[in-house]
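Colleague: Protein chains in written order, with the working numbering: chain V, 1 to 718; chain W, 1 to 480.
Keep in mind that the hints were calculated from the coordinates and are not lab data. All C-beta atoms in this analysis are idealised placements derived from N, C-alpha and C, irrespective of residue type, glycine included. Some hints here could point you the wrong way.
A few chain V positions that, by computed beta-carbon distances, are all more than 10 Å from chain W [to be verified]:
1. C107
2. N367
3. N400
Simulated restraints, written as ranges between beta carbons of each label pair [what the hints assert, rightly or not]:
4. W:R441 with V:G601: 29 to 39 Å
5. V:L39 with W:V378: 35 to 45 Å
6. V:S366 with W:N238: 55 to 65 Å
7. V:D429 with W:P167: 44 to 54 Å
8. V:S411 with W:P167: 34 to 44 Å
9. W:N238 with V:D578: 33 to 43 Å
10. W:G181 with V:T372: 16 to 26 Å
11. V:N240 with W:P167: 43 to 53 Å
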Amino acid sequence: MARNRGRFLVLIAAALIFSSALASSIFQPISDSHRSAALELFNPLGGSFSSVEKTYEELRTFEVLGIDKRSDISTAACQSVSEILGSSSSTLKDLFYALKVNGILQCGIKEDVFEGVASRLQAIVGGASALLDFYYSVGGLVLIKGQTSKDDLYLADAEGVFRSIKLWTTLAWNSPTLSRALLGLVADVALSQSDGRWRYNSNNPESSTFAAGLALEALAGIVSLSSSEINQSLISTTKNDILKLFDGIEKYDDGAFYFDEKLVGAREHQGALSTTSSVVRGLTAFAAVTSGSLNLPSGKILGLAKFFLGIGIPGDAKDLFNQVDSLAFLESNTVSIPLILSLPATVLSLTKKDALKVKVNTVLGSNAPPLTVNLLQVLRSGSKDTSLIESQELKFDPENAVYTLDALPKSVDVGKYTFVFEMVLHDSDHKNLYATGGQIRIPIFVTGVIEVDSAEIAVLDSDLGSIETKKKIDLAGENTVSLSANHLQKLRLSFQLSTPLGHAFKPHQAILKLTHETKVEHMFVMGSSGKQFEIILDFLGQVEKFFYLSGRYNVQLAVGDAVMENSFLKAIGHVDLDLPAPPEKAPQPPAQPLDPNLIYGPKAEIAHIFRAPEKLPPKKLSLTFLGLTLLPFLGFLVGLLRLGVNLKNFPSSSVPAVFATLFHLGIAAVLSLYMLFWLKLDLFTTLKALGFLGAFLMFVGHRILSHLASSSSKLKSA
Amino acid sequence: MSPPHRVNPQPLSLSPRQPKDPTTTKMARINFSVLTILSVILLLPVLSLSFSPDSPSDRRLLVLFDDLSLKSSHSIFFNSLKSRGFDLDFKLADDPKLALQRYGQYLYDGLILFSPSIERFGGALDLAAVLDFVDSGHDLIIAADSSASDLIKSVATECGVDFDEDPSALVIDHRSYAVVGTEGDHTLIAADDFIESDVLLGENKIELKVRVLNVYGFWIKQAPVLYKGIAHSLNAANNLVLKVLSASPAAYSANPSSKLSSPPSLTGSSISLVSVVQARNNARIMITGSLDLFSNRFFRSSIQKAGSPKKYDKSGNEQFVAELSKWVFHERGHLKAVNLRHNKAGETDEPAMYRIKDDLDFSVEIYEWSGKSWEPYVANDVQVQFYMMSPYVLKTLSNDKKGLYHTSFKVPDVYGVFQFKVEYNRLGYTSLLLSKQIPVRPFKHNEYERFITAAFPYYGASFTMMAGFFIFSFVYLYHK
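Could you build all of it, start to finish, from the sequences and the hints given here?
Modeller: In structure tokens:
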């Protein structure tokens, strides 16, 4: 897993660095964007930070970046500093950071407060057994020494403390088992490991690179606090340890060096940034207090600087502090000060006659000591052949602190190049003081306008190769060529490309695209010989690839390259292709994605069409026929009157007359029941009523009819 | 009269994201054992933290990295999520303790995969677990880059997006690249071919805070988005996936440092740079081939598109990513429909049945989740269908700007069992699918017309006949 992590780190860092593949050796020093990022990230809520450690990180970052925001938080910060220093119960870590904050803000803490803190720290140093205790207490004493007027502050037994951290180094180196056995017996600590790493305390078997940085810083503090000279052998052992620590350094492809914890999942796992930052702090502190060289290769120091710069602008306050703080230490270290060569632009236009500009800065962006920048070589990228130019010196413009090469060498055409630079320091004393990194290879893109000439499109007859139609096209302007061809013909497209210096030019992208009406696309890469680009499409061989789709094809030509300033995508026109009908098992063209608007748009409204009502005759006609149906009735009445109807047979005696009246009323009731049935009654009500009426009618009908029958038979017999 | 039917809004409100509670079935089986009751009590606070139909925004997100340094290099994006109230859980993708669910409950509402090169997740997480997570209605953001592993590519493929198979290919665009002095190979792209959708990209266009119509009637374009990464294309068979940001027509996907011998597999506008998927269960997925899209460096970078004189101080990335993440995590574009009601014109109670040719009123309320509260949804394209096998009536509803959609129409003269159907699928919005069944009967025998003029001659004939009979009965009996 650790191996994987390492690989991921490489990948991520490569992604972080502005362009992973090509700009491998371009690192920009700290700039204004860091300052604005710092102001964004350190945004104290309510004027004060949650912890004094964070306050220190903010103040230190602002101090290094030269941002004056001190007044905003100094009152609140100083108050908490004096609280922490005055209190006897504050933790060691808080004391340490409070002293650091005081170092920046100069809060005006009273001497006696310092004295109290100093005596407390000295007591802790004497009885400390864990690395962090040493680190904080020794660091605190160093800070007090720097902040008070007292000179007599020193460690009574500096060498003893030094030993107690350092004691078992030699033993551990020679015989790890013996040292481990001794560790169990001796109450003292042996925290240094044979590979230069350190442990946090004697009970913890995990060794840590982060701890090594803390230990070096603590050791440096002890040396500076020591009243007498520390034994040189101890110093040289420590120097040896540092060299061993640097043997375990890790490297990115772009020349950046960093430290990482080997043990993943350790109790206090630190990232590569904080680990490297801790080592840099320890290393620079130790180098500052000891005399004599550390014999560290300057390339590694430069590599460390590159690592911090390669991170870019961290988005985390802690990371930004680690980056800026470490760079500040590297800027002023005594081992070797890294110088960063950077280019404001690595894309140079031949057409605009851009000058090659080079800047040399320290990591924090301040000016470099007097030096000369030489352009040693210009190599065509991808080929290892000889340089295109002689070595030449860049002109220094003191006003802008920029080294320039006014005109690019005449032999440099458009293309990708690797420029090799070298920094030569003027002062020979500086050579040991600064790390320049030897030869610096920087990839450069030289761009220019490519000339496009004699473009033409033609339809050829297949067998003879004779030209049927030929059209010139202007690839700089608009074209609407319209051609037609069948599957026995060929389409030829040709054009010429040449560089500003008149050489042949092969772009990365030279693609002919035919798009059918149904959005099926076909692409062809254009081949070239010299300046001439030509493609001949034999439709007979392409019929299957074209899915037998006849119809209109739009023709587009895309020519583009990273160094071509006038890359283009041009619609040339269209070709009407007449292809044979597809055979049965011809491949189907691929499906095209649906247009989202078709899926997501509202649907068309649907209104129900009701069944049309049956056709009825007009009202007038019905009423006319109603009148006609009344006519027979009228004729009947008239006929009766004509015949001279009388009712002389109506019974004269009272009982039959009542029955006769009831009988006819009954008939009238049945008929009006029919009328009511039509108007509103339903069948059941009607039948019910009819039943009663019928019975009644039968009774009275029988009576009157029998009366009439008997009276008529009387008449006959009489 | 039948008693009035109350519409119970709860079963109608659309809540497919409601996690199915497995404890209910378990409870039935173990017969209220103490253990189960305890587990329900224990799980209640967990459930109440996650999204619910009442507040569908995501709350807890799991972010997976290849390396924790991404936390710092992409901090602006994460901080914007935190400030919007999300709980972010940062883990390494190979963390052996990774798990999306515990005891059948999902621990997270959303997953952010910022681990392009991971070959195998740690812990209980694998391809199937990620897909199950999405299938249960949770959201996903996938960011790949040139180191994209087969695992990440296959997650994307399952979501309907195919990354370029060539592992060394990058999106190259020689026409609309971002002009940067130190970037020469045109793989840093200034992309501005956005989808036209306010719900996906927010109403504030990236450059201007207020929308302004220029003289031609087009929206003024927003600042381009910086993109550096790999290309993908949409699966043509999947119509749930959408291109949000597509490459320009001149773009192609190839290895910038080697010669192009065969035509690139992906070119032009068919290259998608950022795609989104809204699954049928309303789970939302965002897929992009550029992890740098989210990085602080791209957020802060100024941008100038090649060939354009306009230089923007800030790229559109920050706003683009923020707006799109609001959509992905259901802070926008989440609809609910409640109170589906219908009644006969002039009445207020919902009938059990309609007769053909009745006039009816139909109404439904639709609200959109704004991230904090349900706001009335205003649109003029909500439609209702009166449906039996196929729609008989399809009508656009009018709204009162307070979320109430209303229309009225006449019941068709076809009887049978109909449904009121509201199917609302709009780009970027959760889909609404509501239906309510209602029978339609024909006329009763006494509901037909009684006095048809055309029949008057027949009636006239009958009644004169009767009158004649009445008179004739006198004449016949009493004439002498």
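Colleague: Now tell me if each hint is right for this structure.
Modeller: Right, here's what the structure says about each hint:
{"no.": "1", "hint": "C107", "verdict": "holds, 31 Å"}
{"no.": "2", "hint": "N367", "verdict": "holds, 21 Å"}
{"no.": "3", "hint": "N400", "verdict": "holds, 16 Å"}
{"no.": "4", "hint": "W:R441 with V:G601: 29 to 39 Å", "verdict": "holds, 35 Å"}
{"no.": "5", "hint": "V:L39 with W:V378: 35 to 45 Å", "verdict": "holds, 41 Å"}
{"no.": "6", "hint": "V:S366 with W:N238: 55 to 65 Å", "verdict": "holds, 57 Å"}
{"no.": "7", "hint": "V:D429 with W:P167: 44 to 54 Å", "verdict": "holds, 51 Å"}
{"no.": "8", "hint": "V:S411 with W:P167: 34 to 44 Å", "verdict": "holds, 37 Å"}
{"no.": "9", "hint": "W:N238 with V:D578: 33 to 43 Å", "verdict": "holds, 35 Å"}
{"no.": "10", "hint": "W:G181 with V:T372: 16 to 26 Å", "verdict": "holds, 24 Å"}
{"no.": "11", "hint": "V:N240 with W:P167: 43 to 53 Å", "verdict": "holds, 45 Å"}
Checked against the numbered hints given earlier, the structure satisfies every one of them.
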